[in-house]
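Taken in order, these protein sequences are the chains called A and B. In terms of the numbering used here, the first sequence opens at residue 1 and continues consecutively. In terms of the numbering used here, the second sequence opens at residue 1 and continues consecutively.
Hints should not be assumed to be uniformly reliable.
[To be verified] Just the calculated beta-carbon pair ranges, DEER-fashion:
no. : chain 1 : residue 1 : chain 2 : residue 2 : range
1   : B       : A78       : A       : G21       : 31 to 39 Å
2   : B       : A171      : A       : A98       : 23 to 31 Å
3   : B       : L148      : A       : D97       : 28 to 36 Å
4   : A       : S135      : B       : S253      : 26 to 34 Å
[Unchecked claim] Residues from chain B that keep clear of chain A, each with C-beta distances beyond 10 Å, as calculated:
no. : residue
5   : H69
6   : R98
7   : E131
8   : E160
9   : A222
10  : F247
[Said to hold, decoys possible] Not everything, but these chain B residues come out facing chain A in the computed CB check (under 10 Å):
no. : residue
11  : E124
12  : P128
13  : R141
For the record, the hints were derived by calculation from the structure and aren't laboratory data. Since the structure is predicted, the reported quantities are computational estimates derived from the model, not experimental observations. Built from N, CA and C at the ideal position, the CB exists for glycine as well.
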Amino acid sequence: MSPAVAPPLPDEDAVREILRGVADPEIPAISIVDLGMVERIEVDATRIEVELLPTFVGCPAQEMIRSSVIDALAPLGRPTVVGFSFRRPWTSDRITDAGRERLKASGFAPPADPAEVCCPYCGSGRVAMDSAFGSTQCRSLFYCRDCRQPFEAFKVI
Amino acid sequence: MTVTALDLRTQAALGDLVLTMADDEFVIGFSDSEWTGIAPILEEDVAMSSIAQDELGHARALYELLASHLDDGRDADAIAYDREPEEYRHARLLDHGRGDWATTIARRFLYDTADAARLASIGEGWPPLAELVAKIRREERYHVMHALAWADRLARAGGEARERFVAALEALAPDAPSVLAAPDDEAALLEAGILSRPMAEAFAGWRTEVAGILGPLGINLALEPTAGAARSRPAPSDEFRWLWGEFTSVRRSDPGATW
Numbered sequence: 001m002s003p004a005v006a007p008p009l010p011d012e013d014a015v016r017e018i019l020r021g022v023a024d025p026e027i028p029a030i031s032i033v034d035l036g037m038v039e040r041i042e043v044d045a046t047r048i049e050v051e052l053l054p055t056f057v058g059c060p061a062q063e064m065i066r067s068s069v070i071d072a073l074a075p076l077g078r079p080t081v082v083g084f085s086f087r088r089p090w091t092s093d094r095i096t097d098a099g100r101e102r103l104k105a106s107g108f109a110p111p112a113d114p115a116e117v118c119c120p121y122c123g124s125g126r127v128a129m130d131s132a133f134g135s136t137q138c139r140s141l142f143y144c145r146d147c148r149q150p151f152e153a154f155k156v157i
Numbered sequence: 001m002t003v004t005a006l007d008l009r010t011q012a013a014l015g016d017l018v019l020t021m022a023d024d025e026f027v028i029g030f031s032d033s034e035w036t037g038i039a040p041i042l043e044e045d046v047a048m049s050s051i052a053q054d055e056l057g058h059a060r061a062l063y064e065l066l067a068s069h070l071d072d073g074r075d076a077d078a079i080a081y082d083r084e085p086e087e088y089r090h091a092r093l094l095d096h097g098r099g100d101w102a103t104t105i106a107r108r109f110l111y112d113t114a115d116a117a118r119l120a121s122i123g124e125g126w127p128p129l130a131e132l133v134a135k136i137r138r139e140e141r142y143h144v145m146h147a148l149a150w151a152d153r154l155a156r157a158g159g160e161a162r163e164r165f166v167a168a169l170e171a172l173a174p175d176a177p178s179v180l181a182a183p184d185d186e187a188a189l190l191e192a193g194i195l196s197r198p199m200a201e202a203f204a205g206w207r208t209e210v211a212g213i214l215g216p217l218g219i220n221l222a223l224e225p226t227a228g229a230a231r232s233r234p235a236p237s238d239e240f241r242w243l244w245g246e247f248t249s250v251r252r253s254d255p256g257a258t259w
């Protein structure tokens with residue numbers, strides 16, 4: 001009979017890798033890692049701690065993201081604590097290059113100065129901002145004059 | 001940094017400051033959310049709803065700061081909803097209801113520009129507040145841009161649009177400076193670096209800024225500093241009492257329920 005063995009201590013990279021499968025429900029195209037929300041991961045013998053930076057102060061998805069992170073890390077077999085903090089402000093330039101590409105592929109223009117925004121469908125720069133505010137806190141509304149397609153762009157924040 | 005590193009007098013002043021900021025954001029956010037579904041154009045329906053959501057989010061984060069560090073055991077919802085109308089500390093500017101579109105834009109213009117001056121006056125003295133404010137300021141920039149664009153549009157429109165906008169500005173002007181009224185114990189906040197400058201200085205800068213925006217539009221607005229105790233008022237307005245009845249109605253329908 002072998003003694004019970006505690007699961008091996010996961011390292012930070014293993015936790016980060018799992019979090020690549022967790023998304024903000026309002027931005028399903030990219031993970032919270034590519035979104036730049038993951039500020040800190042700490043693993044010790046007793047628990048896993050994940051510190052996230054909210055994209056917007058009033059983002060209503062925070063509780064859902066918290067429970068998705070806890071569910072995703074459950075197989076590691078350790079108590080998980082997920083905290084949101086404003087230790088440093090989340091800014092839209094925290095989105096990774098891979099994240100920007102995936103946003104664009106999903107029809108959602110990555111954050112850019114309004115003069116630099118390009119249509120995610122046809123690539124044209126002949127676009128106009130209809131409104132700085134969109135269907136969620138992080139979106140602005142644009143219209144492409146070339147392919148005549150309305151689209152959303154991530155706000156620069 | 002826990003708040004216990006601050007002396008009791010500073011803690012009290014800080015609690016008062018955070019509550020006034022939270023109540024301002026909560027009241028204007030809830031009030032502007034009334035435009036959802038009835039704004040004059042679709043883009044504005046979305047914009048005003050989004051701005052209101054931002055403001056309620058800021059209020060929630062500020063109430064949570066209070067609940068975690070400065071209050072005696074109430075949670076953020078209890079602080080937000082379980083007070084009598086007389087206990088709210090919002091600026092007198094926000095005792096005015098949303099009114100028509102011109103009033104809403106005038107109120108937003110005066111509030112957003114004054115709030116930006118207040119946020120710029122928060123120092124590094126208490127990091128939890130300084131960090132939250134750094135984040136809030138990034139979002140508020142969009143609100144200021146929105147308010148300025150609409151103020152310009154209404155003022156240049158001429159006719160009834162301009163008349164209503166100017167009348168709304170004039171009606172709100174006496175109460176607008178209340179956003180930048182000095183907190184009750186400003187000296188303690190300045191001493192602790194929680195405020196980086198006196199509110200009188202923020203007010204002077206704001207008045208110059210407003211004159212610089214409205215002057216070229218041919219509007220001269222008299223803005224006089226708020227005298228005496230900043231947030232004290234004889235009684236909240238009927239418009240605020242009505243709003244309070246709205247925003248507390250669900251909570252009061254089943255006290256203590258978990259929603």
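Against the structure, the hints come out as follows:
Between B:A78 and A:G21 the beta carbons are some 37 Å apart, a value that agrees with the proposed interval 31 to 39 Å. For the pair B:A171 and A:A98, the supplied restraint of 23 to 31 Å is violated, since their beta-carbon distance comes to about 53 Å. As the Cβ distance of B:L148 to A:D97 is approximately 33 Å, the hint placing it in 28 to 36 Å holds. Distance hint check for A:S135 and B:S253: the Cβ-Cβ separation is about 30 Å, which falls inside the suggested range of 26 to 34 Å.
Annotated as non-interface, B:H69 keeps its C-beta farther than 10 Å from every C-beta of chain A; the closest such distance is 14 Å. At roughly 17 Å, the least C-beta separation between B:R98 and chain A is larger than 10 Å, which holds for a residue marked as non-interface. Chain A draws B:E131 into its interface by the beta-carbon criterion, the shortest separation being 4 Å against a cut-off of 10 Å. Taking the minimum C-beta to C-beta distance to chain A, about 24 Å, the non-interface status of B:E160 holds against the 10 Å cut.
Its beta-carbon lying about 31 Å from the closest one in chain A, B:A222 satisfies the requirement of being farther than 10 Å from that chain. Remark: the non-interface label on B:F247 is consistent with the geometry, its nearest Cβ contact in chain A lying 16 Å away (cut-off 10 Å). A distance limit of 10 Å between C-beta atoms decides the matter here; for B:E124 the minimum to chain A is near 13 Å, and the interface restraint is violated. For the restraint placing B:P128 at the interface with chain A, the shortest Cβ-Cβ distance is roughly 8 Å, inside the 10 Å limit, so the hint holds.
Look at B:R141: its Cβ gets to within about 8 Å of chain A, closer than 10 Å, so that hint holds up.
The earlier numbered hints that this structure contradicts are 2, 7, 11.
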